[in-house]
Amino acid sequence: MDYSTLISQRRDRFAEVETLIADPNLFSDQKKATETMREHRRLKELLEMWDTLKAAKTNLEENRELAKEDDEEIAEMANMEIPELEETIEKLSQDVQYALLPRDEAEDRDALLEIRSGAGGDEAAIFAGEIMRMYQRYAEQRGWKYEHLDSTPSEAGGFSKVVLKVTGEEVFRFLKYESGVHRVQRVPATETQGRIHTSTVTVAVMPEAEEVDVQFKTEDLHIQATRSGGPGGQHVNTTDSAVQITHLPTGIQVKSQDGRSQTQNKEKALAILRAKIFEIKQREQEEEYSAQRRSLIGSGDRSEKIRTYNFPQSRITDHRIGFTTHNMDGIFDGDLFEITAALQTAEMAQRLEDAGMSA
1 MDYSTLISQR RDRFAEVETL IADPNLFSDQ KKATETMREH RRLKELLEMW DTLKAAKTNL
61 EENRELAKED DEEIAEMANM EIPELEETIE KLSQDVQYAL LPRDEAEDRD ALLEIRSGAG
121 GDEAAIFAGE IMRMYQRYAE QRGWKYEHLD STPSEAGGFS KVVLKVTGEE VFRFLKYESG
181 VHRVQRVPAT ETQGRIHTST VTVAVMPEAE EVDVQFKTED LHIQATRSGG PGGQHVNTTD
241 SAVQITHLPT GIQVKSQDGR SQTQNKEKAL AILRAKIFEI KQREQEEEYS AQRRSLIGSG
301 DRSEKIRTYN FPQSRITDHR IGFTTHNMDG IFDGDLFEIT AALQTAEMAQ RLEDAGMSA
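Numbering (the working numbering), first residue to last: 1 to 359.
By construction, these hints were calculated from the structure, which means they are not laboratory data. If you're wondering where the values come from, they're calculated on a predicted model, not measured in any experiment. Hints are supplied without guarantee of correctness; some may be wrong.
Once the Cα atoms are required to be at most 20 Å apart in a straight line, the calculated EDC-like pairs of lysine to aspartate or glutamate come out as [what the hints assert, rightly or not]: (1) 54 with 35; (2) 54 with 12; (3) 281 with 208; (4) 32 with 108; (5) 161 with 304; (6) 165 with 140; (7) 44 with 104; (8) 44 with 95; (9) 32 with 213; (10) 57 with 86; (11) 32 with 208; (12) 161 with 122; (13) 68 with 81; (14) 68 with 86; (15) 91 with 61; (16) 44 with 105; (17) 54 with 95; (18) 145 with 108; (19) 161 with 267; (20) 57 with 90; (21) 31 with 211; (22) 281 with 107; (23) 31 with 105; (24) 281 with 333; (25) 91 with 48; (26) 165 with 147; (27) 266 with 211.
Please model the entire structure based on the sequences and the hints provided.
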């Protein structure tokens with residue numbers, strides 16, 4: 001499909017956005033300024049990709065012509081470059097397609113990752129800790145940073161609940177597929193009969209909300225200091241520094257106890273609450289998404305089983321797209337790239353079809 005017309009429209013819009021950025025009055029409205037700067041970055045990246053794609057296509061045609069030359073050395077060198085150029089063109093074409101689709105502004109945001117143990121008692125809590133470490137290692141491999149906002153350690157090890165904030169480039173774009181129920185099937189260390197147990201962990205990924213997105217009225221918040229709970233550990237204090245906040249209009253209650261002071265925990269709790277309120281707003285807009293896309297990024301139903309980790313068979317299956325891998329060790333060491341890429345490909349195909357842009 002020829003995207004030249006769409007690219008021409010984006011170039012016109014890029015010129016308009018550059019004019020907006022040059023206006024110092026833009027930054028008097030922080031929310032508008034943030035959105036404009038994000039749009040500028042996305043358009044710039046798209047146009048750079050398009051120019052690189054055009055150059056690669058030109059180089060490919062030139063190499064194909066050179067490959068027909070009588071000079072064997074020149075022909076051989078041209079032939080050697082052709083496969084790499086073809087691979088580059090294929091990837092850039094997909095990236096350009098994705099960039100041309102209507103953008104979900106949340107994809108550029110940092111994310112809050114909430115992990116809760118589900119069915120399975122101690123084994124579920126242990127698995128929650130393993131899932132947390134899996135995401136931490138994934139974040140490290142992507143060059144992201146993470147911090148604990150809240151956690152409730154389990155006596156048996158692991159966590160009954162943990163909340164991480166992950167920051168970096170396009171964090172929510174890559175983590176959004178992880179929301180849902182993760183099921184593990186294996187023989188627990190405490191199992192004396194060698195029986196396989198099934199346990200679950202619930203993961204919720206929320207785009208970080210900025211203060212301009214969600215603003216709280218003082219009278220809508222009930223804030224109280226409490227003693228940190230759980231058996232303790234490196235992330236939990238034993239003083240009265242924990243902070244619990246209730247959002248009275250919605251009844252949503254959050255708590256943070258991993259900071260070193262009440263002030264830190266209050267800020268962390270507000271970040272969690274802001275993300276939860278923002279997520280509700282996002283969910284209300286999801287009706288315009290296709291049913292398939294909603295299933296890929298999470299329907300909001302926290303009971304939806306999205307993935308099974310079967311240890312006896314060293315098999316991990318993502319049920320949304322029927323994807324299976326046997327790279328158990330790699331996955332738990334943070335190698336989620338293949339699963340994420342498969343989910344992105346499935347989502348992009350559906351979005352292209354919905355937008356009438358499929359080939």
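Hint check:
1. 54 with 35: With Cα atoms ~29 Å apart, residue 54 and residue 35 exceed 20 Å; violated.
2. 54 with 12: Measuring from Cα to Cα gives roughly 19 Å; hence the hint holds.
3. 281 with 208: holds, 12 Å
4. 32 with 108: holds, 15 Å
5. 161 with 304: holds, 18 Å
6. 165 with 140: Holds - the C-alpha atoms of residue 140 and residue 165 are around 13 Å apart, at most 20 Å.
7. 44 with 104: holds, 17 Å
8. 44 with 95: holds, 13 Å
9. 32 with 213: holds, 11 Å
10. 57 with 86: holds, 8 Å
11. 32 with 208: Cα-Cα ~17 Å, so holds.
12. 161 with 122: Cα-Cα ~12 Å, so holds.
13. 68 with 81: holds, 14 Å
14. 68 with 86: Holds: residue 68 and residue 86 sit about 17 Å apart, inside 20 Å.
15. 91 with 61: holds, 17 Å
16. 44 with 105: holds, 16 Å
17. 54 with 95: Given pair residue 54, residue 95 holds - Cα atoms ~13 Å apart, limit 20 Å.
18. 145 with 108: holds, 15 Å
19. 161 with 267: holds, 19 Å
20. 57 with 90: Holds. Residue 57 to residue 90 sits at ~10 Å (cutoff 20 Å).
21. 31 with 211: Judged against 20 Å, a Cα distance of about 9 Å means the pair holds.
22. 281 with 107: holds, 15 Å
23. 31 with 105: Within the cut-off at roughly 12 Å; holds.
24. 281 with 333: violated, 34 Å
25. 91 with 48: holds, 14 Å
26. 165 with 147: holds, 5 Å
27. 266 with 211: With a Cα-Cα distance of about 14 Å, the restraint between residue 266 and residue 211 holds, given a limit of 20 Å.
Checked against the numbered hints given earlier, this structure breaks hints 1, 24; the rest are met.
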